[in-house]
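Chains as they are written, first to last, in the working numbering: chain A, 119 to 309; chain B, 7 to 234.
Calculated from the structure, these hints are not laboratory results.
Every residue gets a Cβ at the ideal spot worked out from N, C-alpha and C, and that includes glycine.
Treat the hints with caution; some may be incorrect.
Said to hold, decoys possible - Partial chain A-side listing against chain B, Cβ under 7 Å, derived: (1) Ala-138; (2) Phe-140; (3) Leu-143; (4) Leu-239; (5) Ala-281; (6) Phe-285; (7) Ile-293; (8) Met-296; (9) Ser-299.
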Amino acid sequence: MNDLLAIFFGMALVNNFILAKFLGLCPFFGVSKKLSNAISMGMAVILVMIAASLISWVIYYFVLQPYDIVFMHIVIFILVVASLVQIIEMTIRRTNITLYNALGIYLPLITTNCAVLGIVLINVQQEYSIIESLVASIGAGVGFTLVLAIMSGIREQLDLADAPKCFKGIPIAMITAMILSLVFLAFGGIV
Amino acid sequence: MNTSKKCVTCDNCSGKNKATKGNKKGGFIRIFINGITNTNPVFILLLGLCPTLAVSTSLDNAFGMAWAATFVLISSNILICLTRKWIPGIVRIPTYIVIIATFVTIVHIILQAYMPPLAKSLGIYVPLIVVNCIILGRAEAFASKNPLKLTLADTIGIGIGFSGAILLIAFIRQLFGTGSIEMFGQHLVSIPGLIDNPISIFILPMGAFFVIGSLLAFFRYVGVMPCE
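Based on the sequences and whatever the hints tell you, model everything.
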C-alpha cells in the first residue's frame, strides 16, 4: 500500500508531468485560460491515461513479450493511444451527450499529447505491475489536472498584469511556469 | 481519425505555410532559410517544446536529441512526400504516424546499440519524438503537398532551426548551471567565478522555463520577433 501511495504522490507532485518532466506543454500554454476548460481537459487526459495504461500493459506483457517483438512497442503504443482516443470519443458521443459537449473537443487533442504516450512508456520502463500502472496513471493525470487548473487561475490574472512589453504573452507564462516549478520542487521531500 | 484536429497548435504552421507557398518562386534557398528563421519551430511556432526543454540539461544530450529528431524529421518527410499520391486522404494522419513511429524505432534501436549512455540519459524522450508536433506538423502542412526538392529544403531548414534552438538553450543552461562548457568529454570553456559556485537552478527543470522565457523576451526586445 505504501508503495502505491509513493507512486501516486511521486507521479502527481514530485515528478509532475508538466513542471518536472515537460510532458504536455501544448495544452499547458494553449488551452488553459478558463478554469472549467482546464478541468475538462484534465478529466479527458485522466480517462485516456487510465485506459491507455491498462490496454498497453496487457498488450506489452501478453503479446509483445511472448512473441519477442518488444522492439515494436513504439509503433504499437502510439496506435493504441490514437485508436483508443477515437473509440472513447465515439462511445461518449453515443452514450452521454452532456459529457461529450464538455470533453468532446479536447479528446482529439490528446492523441499527440506527449503526456499519454509518456505515462505508457514510463510504466513499461519502470516495469510496473498492472495495479502500479493504474495508480501511476491516475497520479500522473491528477498532477497534470492540478497544474493545468492552477495555471488557468494565474493566466486569468496574467492578462491584466503590467508585464514589460516584450514579456507579454508566452514569455511571462514561461516565467510563471518557472516559479510554479520552483514551488513544486518543495514536494521533493515527501516521497 | 480525428488526429488532424490536434493540429490546432499547428494552425500557426499551416498559416505560415500559405506564406511559404506564396514564396514558392523563391525556391530552395528561400524555403531553407525560412525554416531556420521565419518558421523556426521552437522560438516562433512554439512546437516541440517538450524535448527541447527536457533534454537541454547538457550539450551532449541536446546534441543527441537534435540529430535524432532531425533524422526522423528528414527521413519520414521524404517518405511521406514520395508516397503522397498513394495515401488516401482519409487515412493520411494514421499513415503519417506509423511512418514516423517506424523511423523513431530505428533511431531508438541504433541509439541503444551504439550509444547506450546517451540512450539512457535521453530515456523516454527518444520514443516521444513520435508525438513531436514539429514532425507531424511539417508532414501535414508541407511534405504532403509539395514536391521532393522543396520538401527537402523545408525539412533540412526546420531540422537546423530545431537543432540550433535546442543547442542554444543547452549551451546557456550548461554554462550557468555548471560554470563550464564540456562536450563529448572535452573541456572547452570555464568561467572563473562560476565554476566553484554554479547557479544550479539552471540545470533543474525551472531553469529550462526561465531560459526559454527570457530568450523569447530577448528576441522580441531586439526586434527579431514581433511583440504582441
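Status of each hint after checking the structure:
1. Ala-138: At 5 Å from the nearest chain B Cβ, A/Ala-138 passes the 7 Å test, so the hint holds.
2. Phe-140: Nearest chain B Cβ about 4 Å off; hint holds.
3. Leu-143: holds (5 Å)
4. Leu-239: Holds. Min distance 4 Å.
5. Ala-281: A/Ala-281 check fails; min Cβ-Cβ to chain B is 9 Å, beyond 7 Å.
6. Phe-285: holds (5 Å)
7. Ile-293: Where the cut-off is 7 Å and the nearest Cβ of chain B is about 5 Å from A/Ile-293, the hint holds.
8. Met-296: holds (4 Å)
9. Ser-299: Hint holds; A/Ser-299 Cβ to chain B Cβ min 4 Å, cut 7 Å.
Violated hints amount to a single one, hint 5; each of the other numbered hints is respected by the structure.
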